[in-house]
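Novice: Protein chains in written order, with the working numbering: chain S, 1 to 156; chain X, 1001 to 1182.
Where hints are given, some of them may not hold.
Far from chain X, by Cβ distances over 12 Å, these chain S residues were calculated [as the list claims (entries may be wrong)]: (1) Ser34; (2) Leu38; (3) Ala95.
Straight-line alpha carbon distances no greater than 30 Å define the calculated DSS-like cross-link-like pairs of lysine-lysine that follow [said to hold, decoys possible]: (4) Lys1029/X / Lys1177/X; (5) Lys32/S / Lys1177/X; (6) Lys32/S / Lys1179/X; (7) Lys1177/X / Lys1146/X; (8) Lys32/S / Lys1164/X.
Source of the hints: derived by calculation from the structure; they are not laboratory data. For each residue, glycine too, the CB sits at the ideal point set by N, CA and C.
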Amino acid sequence: MDCQEANLWLDSMNHGDLTEPDSSELEGHLAKCSQCSLERDQARRLDVLLERASLGHFPEGFFDRQRQSVMARLGPELEWHAPPCSLLFLVMVIAGYFGGSIGPFMDSVLSFKSDLGAAWASVDEIAPLYGLLLLLAFGAVARDPDPEPVPVEVSQ
Amino acid sequence: MAEDLEQQVRLSQQGNRRAFEQLVGIFQKQVFFTVLRVVQDRHMADDVTQEVFIKAYRALPALQEPAYFKTWLLRIAMNRAIDQQRRSSREREQVFFFEEEPAGAGTECESLDRAPLAELGTALQEALASLPQKLRRVMALSLDGKLSHEEAGRILGCPAGTVKSRLHHARRQLREKLKRYL
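Let's have the full structure, built from the sequences with the hints guiding it.
Specialist: What follows is the structure, given as structure tokens:
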């Protein structure tokens, strides 16, 4: 093994990546070559230096604030999930309104309201009720879908 | 554990904010410190880190392999950091520091133990800054020591062998530049 080759293997040896027989061969060379031996020592010290270098201290809560800021910048996004049954319900309400197929149902609602003394006289006046039904339909599909995630611990 | 992480990624892909917040919590330091090593400015690194996560959240549905989330995220971070560094004319601030070792916890390197700590920080920063871009990027990723050559290669878009070779050259150049401290 010559010095050039030895130099190529120094980092691997210092990081424990060098296997036999290369490792023994390199050791043999280092025992004989003071220049390469010096290079090996400097490579080790460089590793120590890089390991000791810190990126400084950060104020308490710095990373919490950063995370909160990321989440805030994502904005309050309403996530729409439309399971088939909700969509079907919505379609039925709309179709019913325009096709009059839910008239009997609305009549019964009206009579119920009459019984209670409500002053609903015509179908035209029940538009707010349809609005309410639509709201309920949307309410069924617009929800916070986030189940609580399982905490994950990952060493970085 | 890896499966849990993949599950978090999948939930995030479906728009689950809480799962994504957990991912931010897990990776934000790694992203921040990688970016900081490239841009060498804390405020800029903070901004870039936030942008990286926002961009990642929006691009998440396109990620086909949740197992590669970390390298995918760090690739976004590295690209964004390089882009920001190119555009910025701000003077770099000191980002590398050395602290007093506790008594009796010497490094067994007298030259290192003797060197003034502030000077050591400046010297390391200048030495790293003087490396060619490709070598500096690979050093920025490797300084954490948490990425394999394969992972670093995926982030930098090159084979693992190239990463190893660049690391070798970077260390050699650093040894040369920091000779008086080693």
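Novice: Give a verdict on every hint.
Specialist: Here is how each hint holds up against the structure:
1. Ser34: 16 Å, holds
2. Leu38: 10 Å, violated
3. Ala95: With a cut-off of 12 Å, Ala95/S remains clear of chain X, as the shortest Cβ separation is near 30 Å.
4. Lys1029/X / Lys1177/X: 29 Å, holds
5. Lys32/S / Lys1177/X: Satisfied, since the Cα-Cα distance of roughly 26 Å is no more than 30 Å.
6. Lys32/S / Lys1179/X: 22 Å, holds
7. Lys1177/X / Lys1146/X: At roughly 25 Å apart (the allowed maximum being 30 Å), Lys1146/X and Lys1177/X satisfy the hint.
8. Lys32/S / Lys1164/X: 27 Å, holds
Going through the hint list in order, the structure does not satisfy hint 2, though it satisfies all others.
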